[in-house]
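S.K.: Based on the provided sequences and hints, a complete structural model is requested.
Line by line, the protein sequences give chains A and B. Per our numbering, the very first residue in the first sequence carries number 1; after that it's consecutive. Per our numbering, the very first residue in the second sequence carries number 1; after that it's consecutive.
No lab work stands behind these hints: they were computed from the structure. If you're wondering where the values come from, they're calculated on a predicted model, not measured in any experiment. Take the hints with a grain of salt, since some may be wrong.
Straight line, CA to CA, 27 Å or less: simulated BS3-like cross-link-like pairs of lysine-lysine [said to hold, decoys possible]:
id : chain 1 : residue 1 : chain 2 : residue 2
1  : B       : K283      : B       : K224
2  : B       : K20       : B       : K9
3  : A       : K172      : B       : K69
4  : B       : K367      : B       : K172
5  : A       : K178      : B       : K69
6  : B       : K418      : B       : K383
7  : B       : K198      : B       : K172
8  : B       : K205      : A       : K86
9  : B       : K178      : A       : K69
10 : B       : K178      : A       : K86
11 : B       : K224      : B       : K205
12 : A       : K108      : B       : K9
13 : B       : K172      : A       : K108
14 : A       : K435      : A       : K387
15 : A       : K69       : B       : K172
16 : B       : K318      : B       : K10
17 : A       : K108      : B       : K209
18 : A       : K86       : B       : K172
19 : B       : K205      : B       : K172
20 : A       : K69       : A       : K433
21 : B       : K178      : A       : K108
22 : A       : K86       : A       : K69
23 : A       : K367      : A       : K415
24 : A       : K108      : B       : K10
25 : A       : K86       : B       : K9
26 : A       : K86       : B       : K209
27 : A       : K86       : B       : K10
28 : B       : K411      : A       : K172
29 : A       : K367      : A       : K387
30 : B       : K433      : B       : K367
31 : B       : K318      : B       : K20
32 : A       : K418      : B       : K9
Just so you have them, the derived chain A footprint on chain B, three or more residues with Cβ under 8 Å [unchecked claim]:
id : segment
33 : 123 to 136
34 : 140 to 147
35 : 155 to 162
Label pairs and their computed distance ranges (CB to CB) [to be verified]:
id : chain 1 : residue 1 : chain 2 : residue 2 : range
36 : A       : A112      : B       : K43       : 41 to 47 Å
37 : B       : L280      : A       : V195      : 52 to 58 Å
38 : B       : S39       : A       : S205      : 24 to 30 Å
39 : B       : Q315      : A       : K69       : 51 to 57 Å
40 : B       : K10       : A       : S205      : 52 to 58 Å
Glycine is no exception: its CB is placed at the ideal position from the N, C-alpha and C atoms.
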Amino acid sequence: MGSSDYWEPEVETLSRNRLEELQLKRLKNMLVKTCSTVDLYRRRLDDAGIDPKRFNTLDDLEKIPFTVKDDLRDNYPFGLFARTMKEVVRIHSSSGTTGNPTVVGYTKNDIAMWANLIARQLYAAGIRRDDVIQNSYGYGLFTGGLGLHYGGELLGAVVVPVSGGNTERQIKIMQDYKSTAICCTPSYALYIAEVGKELGVDFESLPLVTGIMGAEPWTEEIRREIEARLHIDAIDIYGLSEIIGPGVSCECDRKAGLHIAEDHFIIEIIDPETGKRKKPGEIGEMVFTSLTKEALPIIRYRTRDLSKIDTSKCGCGRTHARMAKPMGRADDMLIIRGVNVFPSQIEEVLMQVRGVEPHYLIVVDSKNYLDTLEVWIEVSEEIFSEKMNDLENFESAIEHKLYSITGIKIDVKLKEPKTIQRSIGKAKRVIDKRKGETI
Amino acid sequence: MNNDRFWDKKTTELGRDEIKAIQLTRLQRTLKHCYDNNSFYRKRMDDGGLDPENIKDLADLEKLPFTSKEELRDNYPFGLFCTPLEEVIRIHSSSGTTGNPTVVGYTQQDLNMWSDVLARIMYDVGTRREDVVQVSHGFGLFTGGFGFQNSAEKIGAMMVPASGGNTERQLKLMIDFKTTVLCCTPSYTLHMAEVAEKKGIDFSKLYLKLGFFGAEPWSESMRKEIEERLHITALDSYGLSEVIGPGVSCECLHQNGLHINEDHFLAEIIDPATGKTLPLGEKGEITFTSLTKKAFPVLRYRTKDISYLIEEDCQCGKKFIRMAKPMGRTDDMMIIRGVNVFPSQIEEVLMSVGDLEPHYLIVLDTKNYMDTIEVWVEVSEEKFHDKIMDLEDFERSIESRLYSDIGIRIKASLKEPKTIARSEGKAQRVLDKRKTN
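M.R.: As structure tokens, then:
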């Protein structure tokens, strides 16, 4: 595997020019092939007057229409596959309970490419073949479990496929097998920390040193909590099954943005309202195009996830562009009395307050035709046992901070420790009663 | 790719003598590997006066002591591994944290062998790359899901990792993806059939043609029912994680015994009481010795499953020896929806909870073809006279302890003191209503 700093030294440190050359060559190749096999894309490019054979600059990509989740649903189950069933060896699918789920397929080459991306990222996060990786993502149709799994095996680490749930067993395995890395959602990591504390586990004395965490947006403050409670480095990994699963991007050990695997995916940042490309460094919705996928190539897929891009070289020496930690979802954006508010903004404020536990719930409702926003927060035992007066002061102090960051008035309700529901998979942080959601 | 009738034609058609010669060479290598790399095995061979360099005959194996689950547990977690952890890339484990679970490890080479022996089984009965294989075994630490997933992908079939549960979704996948091959436990399959019939799904119009069923014992009458209701051929697949996982043996389309992948696993039938090897064809406990595994070889592993060996030629053309469909256990292990559970595990949990009397009864039953398990336990006088709400909370907390320790949902029913029948001799702790249904 060459140099000890990189899994694939050459491709990870290509100059921007060479990287873009490679992208253009692969993009053109992918478009030609995809248009000859997938009806939807052929029609869309025809309608836009684009001839994939005459594709000369990466900027031309902007002329191609977007692909959205509904395109996958409308072509359920295999309508967007570019290869025959004979060549497809694996299916994954979203859990979608309403309507048809999103179905994605992989050829043998796709599976090998995916495992290689994950191995590259685990390696960049400092994981080596003598590590023991406890993989606590769910296995099955969800891409998290099997995706991380085969990357870990390719790297040569010991992979323990614990899957999600049964937290006491997770902790026993962590202790007995001497796990050095854990893969799970950030909210589940916090839950493990909490259960571990109750059981009297001293995480500092365990061999666990790295966490690979994703599948939901999380803030720097949550990272600090996880790192302090579990005594690990918590690394952010990003991906979605429509693009490939986990492995689209991941932080290196510098934790200074998530390196996008640009040799396999092109990223664009657009304005979610107008669809126009944003200027470099501006926040917007991420759009991905796959360059090498065979079974389900994807062109300009709108992720609905918000981030921004930095193309400068990272301190680690890798040249692949870095995306900022995802800042929430274009469709999570709450519009409260006309003001745009992101749950992540609220989380950042809360996590800076001492005595606030990393468990909260945002409740949106309307009263007399006006939107209302409440935040339920768990506070530590100490704070909660203080006098009523002090609790009220504490509430208004947080309300004041929230107002200064978001510009709107948010009611704070303090809750007893361990009263807000915990999640084992992705955390549900917002209840929008305006949409008929209930707690 | 592969247009032959057999996945591995050469090995499959080897004569008995040739197979035995391969077994001997590989046995010599395995014993030496264990001797050189693991102090537990080295000590055992030294104590038994067995020189791994001097094995001349397969019968020499009889000099070696058996390995049982207890030794696996005593050497928890990695004490019986025969390669450094650096070479291990996968761990699987039995469920259950009461006592220690059994932990098994695999090198890359072990995983390649595993996917190959199970691909051989699946291919030889007609699974091809145009098939859609729905894997409804659980994924994770359990070997069932991973085993079939790897092998289906190796054949090049389209593998759908449905995992267990969510029956309506299972059926939706089966219909929408045009599933042709199902890998599942027999009891869950019948449950799916039941739900499907209620929804008016007509299996004769679906594409499903073949099923590999295992992880629990099942009878010929259950096979007949699965085949009739799902309109498929139902094959018995056998394996256990200690030996490798699914892929140890499986029926061919003639359904007259499970062909053992003998080039990798050597079977013996012993008398469970005396440990003596029984003559060919006699019924006893089946034990396995792995012949090619690196990370976690097993030597004369006692499965506690009862079967016998059949050497006559099979019409399918495979020369591998067959084992009869397993016909019971030598111990009190219960298999609940594919998960192995011992009464002692349940007892340990109950006894660690305060306010319970040492009188309990485990009741096994089936509901809609799914196994159910319930434990009746007497509470102390004092606790019993608490408010009723309190007792319900108490039941929930016992259930959650049972789940976290054993890994399956067990219903707890608290009983008044002195209401569970006492025994005069050996306590009757398990009531298996499945056997009388």
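S.K.: For every hint, state whether the structure bears it out.
M.R.: Taking the hints in turn, this is what the structure says about them:
1. B:K283 x B:K224: The hint holds at about 24 Å.
2. B:K20 x B:K9: holds (17 Å)
3. A:K172 x B:K69: holds (20 Å)
4. B:K367 x B:K172: holds (23 Å)
5. A:K178 x B:K69: Holds, at about 22 Å.
6. B:K418 x B:K383: holds (14 Å)
7. B:K198 x B:K172: holds (14 Å)
8. B:K205 x A:K86: Roughly 22 Å separates the two Cα atoms, so the pair holds.
9. B:K178 x A:K69: This hinted pair holds, its Cα atoms lying about 23 Å apart.
10. B:K178 x A:K86: holds (13 Å)
11. B:K224 x B:K205: Judged against 27 Å, a Cα distance of about 19 Å means the pair holds.
12. A:K108 x B:K9: holds (24 Å)
13. B:K172 x A:K108: Given pair K172 (chain B), K108 (chain A) holds - Cα atoms ~25 Å apart, limit 27 Å.
14. A:K435 x A:K387: violated (37 Å)
15. A:K69 x B:K172: holds (20 Å)
16. B:K318 x B:K10: Judged against 27 Å, a Cα distance of about 10 Å means the pair holds.
17. A:K108 x B:K209: Holds, at about 25 Å.
18. A:K86 x B:K172: Holds - the C-alpha atoms of K172 (chain B) and K86 (chain A) are around 21 Å apart, at most 27 Å.
19. B:K205 x B:K172: Holds, at about 14 Å.
20. A:K69 x A:K433: holds (25 Å)
21. B:K178 x A:K108: Holds, at about 20 Å.
22. A:K86 x A:K69: Holds, at roughly 25 Å.
23. A:K367 x A:K415: Satisfied, since the Cα-Cα distance of roughly 22 Å is no more than 27 Å.
24. A:K108 x B:K10: holds (26 Å)
25. A:K86 x B:K9: Given pair K86 (chain A), K9 (chain B) holds - Cα atoms ~22 Å apart, limit 27 Å.
26. A:K86 x B:K209: Between K86 (chain A) and K209 (chain B) the Cα gap is close to 17 Å, so the pair holds against 27 Å.
27. A:K86 x B:K10: Holds. K86 (chain A) to K10 (chain B) sits at ~25 Å (cutoff 27 Å).
28. B:K411 x A:K172: Holds, because 24 Å separates the two Cα atoms, which is no more than 27 Å.
29. A:K367 x A:K387: violated (30 Å)
30. B:K433 x B:K367: The given pair, whose Cα atoms are some 11 Å apart, holds under the 27 Å limit.
31. B:K318 x B:K20: With Cα atoms ~15 Å apart, K318 (chain B) and K20 (chain B) stay inside 27 Å; holds.
32. A:K418 x B:K9: Not OK: K418 (chain A) and K9 (chain B) at ~61 Å, beyond 27 Å, violated.
33. 123 to 136: holds (count 3)
34. 140 to 147: holds (count 4)
35. 155 to 162: holds (count 7)
36. A:A112 x B:K43: 41 to 47 Å: holds (42 Å)
37. B:L280 x A:V195: 52 to 58 Å: With a Cβ separation near 53 Å, L280 (chain B) and V195 (chain A) satisfy 52 to 58 Å, so the hint holds.
38. B:S39 x A:S205: 24 to 30 Å: holds (27 Å)
39. B:Q315 x A:K69: 51 to 57 Å: holds (52 Å)
40. B:K10 x A:S205: 52 to 58 Å: About 54 Å separates the Cβ atoms of K10 (chain B) and S205 (chain A), which means 52 to 58 Å holds.
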